[in-house]
Amino acid sequence: MELRVHDLVKEFGSYDEPSSRVVAVDRVTLRVEEGELVTLLGPSGCGKTTLLRMIAGFEDPTKGDIFFGERRVNDVPPNGRNAAMVFQSYAIFPHLDVFENIAFGLRLKRLSPVDIGERMTKVLELTGLTGLERRQPNQLSGGQQQRVALARAIIMEPQMLLFDEPLSNLDAKLREQMRIELRALQQRLHITSVYVTHDQSEAMSISDRVVVMRDGRVEQEGTPLELYGRPKNHFVAEFIGKVNFMEGQVSAGGVEIQDRRFTVDLRETGLREGDRAECTIRPEGIRIVEVANTERAPFVGTVQRATFLGSVVEYEVSVEGLSPLLVQTSNPLEGRIHKVGSSVRVDFPPGTLHVLAPE
Amino acid sequence: MKKFGTAKRQLELLIRDPILAFLVGVIFLSLAIFVVYPLATVLAKSFQNEQGILSLENYVRFAKFGYLWSALWNSILVGVVTGVVSVFLGYSAAFTIARTNIRLKKVLQLLYILPIISPPFTSALSVLMLLGANGLITRKLLGIPDYNIYGFKGVMLSQVFTFAPVAYLTLKGVLDSLNPTLEDAAMNVGASRWQTFRKVTFPLSLPGIASAFLVVFIESLADFGNPLVLAGSRFPMLSTQAYLEITGSFNLPLGAALAVVLMLPSVTAFAVQRYYLQKRQYTTVTGKPTSSSSKLVSKNARLVLTAFVLAFAAFILLFYGTIFLGAFTKVWGYNYELTLRHFTYALSVGGDTIKDTLVVALASTPLSGLMGMLIAFLVVRFRFPGKGTMEFTSILNFAVPGTVVGIGYILAFNQPPLLLIGTLTILVLNFVFRYVPVGIQSGIAVLRQIDPSIEEAAQNLGADAITTFRKVTLPLIAPAFFSGLVFAFVRAMTAISAAIFLVSAQWNLLTVQILNQVGSGRLGVAAAFSVILIIIVLGAIAVIAKIIPGHEGAMRTVSISEGF
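Residue numbers (the working numbering), protein chains in the order written: chain A, -10 to 348; chain B, 147 to 710.
The hints are simulated quantities; they were obtained by calculation from the structure and are not laboratory data. Ideal Cβ positions, reconstructed from N, Cα and C, are used throughout, including at glycine. Heads up, a few of these hints could be off.
[Stated by the list, open to error] Cut-off 27 Å, straight-line C-alpha distance, at most; resulting in silico cross-link-like pairs (DSS-like, lysine-lysine):
no.: 1; chain 1: A; residue 1: Lys98; chain 2: B; residue 2: Lys533
no.: 2; chain 1: A; residue 1: Lys52; chain 2: B; residue 2: Lys533
no.: 3; chain 1: B; residue 1: Lys501; chain 2: B; residue 2: Lys476
no.: 4; chain 1: B; residue 1: Lys252; chain 2: B; residue 2: Lys445
no.: 5; chain 1: A; residue 1: Lys162; chain 2: A; residue 2: Lys231
no.: 6; chain 1: B; residue 1: Lys692; chain 2: B; residue 2: Lys617
no.: 7; chain 1: A; residue 1: Lys111; chain 2: A; residue 2: Lys98
no.: 8; chain 1: B; residue 1: Lys692; chain 2: B; residue 2: Lys251
no.: 9; chain 1: B; residue 1: Lys617; chain 2: A; residue 2: Lys111
[Stated by the list, open to error] Quick list of the computed label-pair ranges, beta carbon to beta carbon:
no.: 10; chain 1: B; residue 1: Gly532; chain 2: A; residue 2: Ser312; range: 57 to 65 Å
no.: 11; chain 1: B; residue 1: Ala331; chain 2: A; residue 2: Glu227; range: 21 to 29 Å
no.: 12; chain 1: B; residue 1: Ala591; chain 2: A; residue 2: Glu107; range: 36 to 44 Å
no.: 13; chain 1: B; residue 1: Ala591; chain 2: A; residue 2: Gly24; range: 44 to 52 Å
no.: 14; chain 1: B; residue 1: Ala331; chain 2: A; residue 2: Gln166; range: 39 to 47 Å
no.: 15; chain 1: B; residue 1: Ser176; chain 2: A; residue 2: Gln128; range: 42 to 50 Å
no.: 16; chain 1: B; residue 1: Phe174; chain 2: A; residue 2: Gly24; range: 45 to 53 Å
no.: 17; chain 1: B; residue 1: Thr613; chain 2: A; residue 2: Ser194; range: 36 to 44 Å
Chain A with its partners taken away, still in its complex shape:
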């Protein structure tokens, strides 16, 4: 089932006091295709959860429309939408055991015990809960509670799955594991899904497409790769991954940074020769080599900090005229780690520089 959100607005606060009104979601238009997983990503207070709750029916839009397929659902109460939600707090019914929690929705539909049993077996297996049916919620670990919440949603065979920061209460390791499981399950069941998170790495790893939001508005939407490689503005570039910003000037066929010329495709930005340009480069895009090496490189810098992180080494390199650059080199076991204080040559290989469109 396809989801469309058209020009959606949500204002909080009372109509009587205009000063108390807050626009939580500001004219958002969005389309999630059948079987697609789209993530709403943004800092807290950006309106992503409010948007999700409007899709679920827990909040009523101030303006705009929500369509499930061809059906406008604005006036359909949450219990009639068949869009199952996985809550941040899991919202497990504390007075029911695992089985009854998962079967809750089916019992409301008055499914026969045989049907319930059948679906239950399948779902328990899918979510790895087999054998825990009679546990009470307080006897479950965080990860297990998460699975119960998920099982309770997918057993409904919903038209749509809604996730409200479902992994934020888990520890880092479990979170990464559940991320992979969630994604695998969603693809296997091919359910249209909307996923809310403030964790950009989670968004990148789980989504078909990501919608970056700020102050109730959509800043940019695209595949994780597009967002990472071609962020539209400063906010998106900074919010997703680590990034270096540099001031440059547009010249023929590229930009000049500190009088060094780099070839960059500027067609999308609409910049013209002589304009100032905000240039970005990801830490892993920067190449550094020892000065002794004969290879030519545009800049020379000094290593200020070197942090060994296992799979990568992160450096802070100061270059005259630029803000300190964050640099990552991979596979440190093979190469050498540059010492703090040593001089290095710094290069931005072709294709690594990205110029932001002026705002």
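Chain A is already provided as a structure; the job is to place chain B on it using the hints.
Using the frame of chain A, we list chain B on its own:
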């Protein structure tokens, strides 16, 4: 216009869930009929003369009549003194129980709440038996013939006994919610014990103390049984005076005017307590268990406090012992031989009354419990036009003295289509609407602790509002629900101030019966009835406490209910 817009939107939402809309409508209607209408009738009546013509006559009479003025003054004086003394006793006891590790805490706590679950005027009976003209202490021990206990001292003593436990429970709650770590922190930075108490513990409990004072003040003003037994004719008090105007002189308008005068200080105090003080209470709830083994109390202080709480407990034991003995004593004051004849007499003349009382209590208790939870649920979880009004109206009856409510009911329901005077219905309705606020308050408290997403999850899985309430919310609030039931039951069994206007030959209540026996001088029979009543109430609490998960249920009940 914009305000209208909000209401209109909310109304649209309401219509989308027809069951919800229906419930909201029914509740509004019943609150209007059984809460607002009777009070409005009292107000209207007070501005009529005896011929039913609009006039200020009653208030003019009130202003001119020194006797009525002194009734107001006496009621307020007793309220203030009772409030101060009760809060002092209550705070000392609560502090000792909350901050020391004295033994027998459980027993002491049970003793302290005993007066709360007894009819509010059992103490008046004890006061008469101990200190009256033929009192055990005054006549037998001290040899004073015909000691006059009536008036200020009698009422005050009896009320302190009745309401100090209320102060105790409120303040115990306040002290329990103050994290002892704060005291540890103060001592850690060098404060002595006394400094810690004076600069940390006491200031933090001050809003609670003020609140407890107002609660006792309100209850004292509204109290009816104690003044009726102990005030005497030379010490008029408002609640009894209003009653006498209506049942004695049949002057309904003047009675109504007195009720309005009585209502003013009560409602003012209630508003201050609820809307001002309660927001200023410092609660430090962290969710982590805090140990109460504070080092705040030194050995000597502990000794003093222990002596104090034991004396308090002894005082209560003495009062109840007196009633108990009185019930088995031939003629109190003259002949202390043991006998069962008061019980046989009580059962022969009052068997029906006991049955009536149980019927009324058992019928009103579940109704008020269910309604309380329902209103709490609607108020906490939904948005609809007039929500604030609903909450306010539903607690109104609790703020208003019972005497006023009783007068309102007889004025409002004495003609068709709502001719209810003398029926079982009017008694049940009175109790339902009078004690529903307690259910609402405890329901609201519990509901606010339940993560709303649990209910959203149910809706998300296909449940409508009613199903969500039935399958998810109700099981979760069951403990609070049963606590509300205990309270409603206890109050229905022991209340008098409103009920005394509503009883009839067909439907009489135990409390009224006890008061009648006291009035006709049969103290032994009154004591026997009191013992029966207390046993029924204790039995019921024991039964419900068994059902409630967590053995402190019954205890929590009363503290929830008295805390507001």
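Hints, one by one, checked against the model:
1. With a C-alpha separation of about 32 Å, the suggested pair A:Lys98 and B:Lys533 falls outside the 27 Å cut-off, and the hint is violated.
2. Straight-line distance between C-alpha atoms of A:Lys52 and B:Lys533 comes to about 24 Å, which keeps the hinted pair within the 27 Å bound.
3. Using a Cα cut-off of 27 Å, the hinted pair B:Lys501 and B:Lys476 holds, with the two alpha carbons roughly 26 Å apart.
4. Taking the CA atoms of B:Lys252 and B:Lys445, the gap is near 21 Å; set against the 27 Å cutoff, the hint holds.
5. The hinted pair formed by A:Lys162 and A:Lys231 meets the criterion: a straight-line CA distance of about 21 Å does not exceed 27 Å.
6. A threshold of 27 Å between alpha carbons decides the hint, and for B:Lys692 with B:Lys617 the separation of about 23 Å falls inside it, so the pair holds.
7. Proximity of A:Lys111 to A:Lys98 is assessed by CA-CA distance (about 18 Å); at most 27 Å being required, the pair is judged to hold.
8. Among the hinted pairs, B:Lys692 with B:Lys251 is consistent with the structure: their alpha-carbon atoms are about 20 Å apart, no more than 27 Å.
9. A C-alpha spacing of about 25 Å is found between B:Lys617 and A:Lys111, which places the hinted pair at or below 27 Å, so the restraint holds.
10. Restraint check, B:Gly532 to A:Ser312: a C-beta distance of roughly 59 Å satisfies the suggested window 57 to 65 Å.
11. Judged by the Cβ atoms, the range 21 to 29 Å given for B:Ala331 and A:Glu227 is violated: they are separated by roughly 41 Å.
12. A beta carbon spacing of about 42 Å between B:Ala591 and A:Glu107 agrees with the range 36 to 44 Å that was offered as a hint.
13. In this structure, B:Ala591 and A:Gly24 meet the distance hint of 44 to 52 Å, their C-beta atoms being roughly 45 Å apart.
14. For B:Ala331 and A:Gln166, the Cβ-Cβ distance of about 41 Å falls inside the hinted range of 39 to 47 Å, so the restraint holds.
15. Distance hint check for B:Ser176 and A:Gln128: the Cβ-Cβ separation is about 43 Å, which falls inside the suggested range of 42 to 50 Å.
16. B:Phe174 and A:Gly24 have their C-beta atoms about 48 Å apart, which keeps the hinted 45 to 53 Å range intact.
17. Take B:Thr613 and A:Ser194: their Cβ atoms lie about 38 Å apart, and the range 36 to 44 Å holds.
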